[in-house]
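Q: My request is simple: use the sequences and hints to build the entire structure.
So the sequence lines, in the order shown, correspond to chains A and B.
Residue numbering for the first sequence follows our numbering, starting at 28 and increasing by one per position.
Residue numbering for the second sequence follows our numbering, starting at 19 and increasing by one per position.
Where hints are given, some of them may not hold.
[Said to hold, decoys possible] Computed footprint of chain B on chain A; a stretch qualifies when at least three of its residues, placed anywhere within it, have a C-beta under 8 angstroms from a C-beta of chain B:
| id | region |
| --- | --- |
| 1 | 59-72 |
| 2 | 146-157 |
[What the hints assert, rightly or not] The calculated label-pair distances, taken between Cβ atoms and stated as ranges, are:
| id | chain 1 | residue 1 | chain 2 | residue 2 | range |
| --- | --- | --- | --- | --- | --- |
| 3 | A | L140 | B | L75 | 37 to 47 angstroms |
| 4 | A | R115 | B | L164 | 53 to 63 angstroms |
| 5 | B | I73 | A | L37 | 46 to 56 angstroms |
| 6 | B | W57 | A | Q102 | 15 to 25 angstroms |
| 7 | B | L162 | A | G39 | 17 to 27 angstroms |
| 8 | A | S52 | B | L164 | 19 to 29 angstroms |
| 9 | B | D127 | A | Q173 | 28 to 38 angstroms |
| 10 | B | G123 | A | L40 | 45 to 55 angstroms |
By construction, these hints were calculated from the structure, which means they are not laboratory data.
Just so you know, even glycine gets a beta-carbon here, dropped at the ideal spot from N, CA and C.
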Amino acid sequence: MNRFLLPAGLFGLLVVLLFVGIQRSSQKGIIPSALLGKPGPEFRLPSLDGSADFESASMRGRWHLLNVWGTWCPQCRVEHDMLLEIARSGEIAIIGLNWKDEDVLAQRWLAELGDPYDAVPVDRDGQVAVEWGVYGAPETFLIDDQGIVRHRHVGAMTPEVWAREFLSRMPTRQGAPDEPVLVPVPGAAVEG
Amino acid sequence: MSLFWCLYRAPRWRGDSRETSDVSHLIKAAATAILWGVWAVSAFHAPMAQAIDPIELEDPALQQRYRDLSHELRCMQCQNQSIADSPVGLAGDLRREVRELLLRGLSDDQVRDHLRARYGDFILFRPDFNARTAWLWLAPLALLLLGLGVAWRVLRQRGAMVSKDDSIIEESRR
Chain A
28 MNRFLLPAGL FGLLVVLLFV GIQRSSQKGI IPSALLGKPG PEFRLPSLDG SADFESASMR
88 GRWHLLNVWG TWCPQCRVEH DMLLEIARSG EIAIIGLNWK DEDVLAQRWL AELGDPYDAV
148 PVDRDGQVAV EWGVYGAPET FLIDDQGIVR HRHVGAMTPE VWAREFLSRM PTRQGAPDEP
208 VLVPVPGAAV EG
Chain B
19 MSLFWCLYRA PRWRGDSRET SDVSHLIKAA ATAILWGVWA VSAFHAPMAQ AIDPIELEDP
79 ALQQRYRDLS HELRCMQCQN QSIADSPVGL AGDLRREVRE LLLRGLSDDQ VRDHLRARYG
139 DFILFRPDFN ARTAWLWLAP LALLLLGLGV AWRVLRQRGA MVSKDDSIIE ESRR
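A: Right under this line is the structure:
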């Protein structure tokens, strides 16, 4: 009896190991962002519509999605309707980082399919994407009002992903940038 | 490769040299041909891998450091190739990043840290030893010790059985 104990134990261990592996296989190849909990790298890039350059500092004071996309990316087409829906809900501003794309194609894409973005900075040579640790489009970063990266999703945005990974991390109500913050400051009254 | 060696060695294991000599020569020749073929193909592949990246830095010492570094950084898109071996666009972007950092005068470690801060430990084929990567470094050692332990036990048991068997044979001879 005793001589079967060790092999059976090892077998049981292997079963557990393989089971965990299968359970987690849906996340295979998805690497958590190294920027989580850290400030997102600053950048300044030309805008797709030819208006003034986009500066990452302008995202401060409000929660944002930074969506990395390109017209060459099939999954970006898949998630486009979902992005339009999020934009329509008005729950969060979306910045669309146009990654290694051609301006004409990107402009046509937004004209034909609708434009969910509040701004579209153009990263033609991919330098900013490297700063952000982007390794495949689409990727969507959740950035808080202090510019801290709270989450990164790799792959298409779906209603499930939006509810499970994004809404759950966002504050219940989004304040407008100029809304006064009504937090009593301790000791403020005695100051003088 | 191990399959070829099995084919190569199989007749000898059976031990009867008279019957298998012709067949074994044939298999031996075939296996040798395949091995040479594999070697030749891989030898011709190496220069092709180099051709992915035509840009050379002027300073040969810097070029050597650049080449070494780009071989130990993972292409995040393909994941099992280094950025030196991958023709994917992102690998090209990362090679450019490495080149620019080296030209700016950063040390090899600083370049590694720079990219790890953006892409995580996963970008390094040889990650540093830390709390998160400890299992990665120690697991092979643990498995080796486990295997040695099992082998030792099995061999000891077998040794005991053989000596018992011998005594039975000795007794029956008498």
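Q: Run every hint past the structure and note whether it holds.
A: Results for each hint:
no., hint, result
1, 59-72, "holds (count 5)"
2, 146-157, "holds (count 5)"
3, A:L140 - B:L75: 37 to 47 angstroms, "holds (43 angstroms)"
4, A:R115 - B:L164: 53 to 63 angstroms, "holds (58 angstroms)"
5, B:I73 - A:L37: 46 to 56 angstroms, "holds (51 angstroms)"
6, B:W57 - A:Q102: 15 to 25 angstroms, "violated (40 angstroms)"
7, B:L162 - A:G39: 17 to 27 angstroms, "holds (22 angstroms)"
8, A:S52 - B:L164: 19 to 29 angstroms, "holds (26 angstroms)"
9, B:D127 - A:Q173: 28 to 38 angstroms, "holds (30 angstroms)"
10, B:G123 - A:L40: 45 to 55 angstroms, "holds (50 angstroms)"
Consistency note: the structure conflicts with earlier hint 6 alone.
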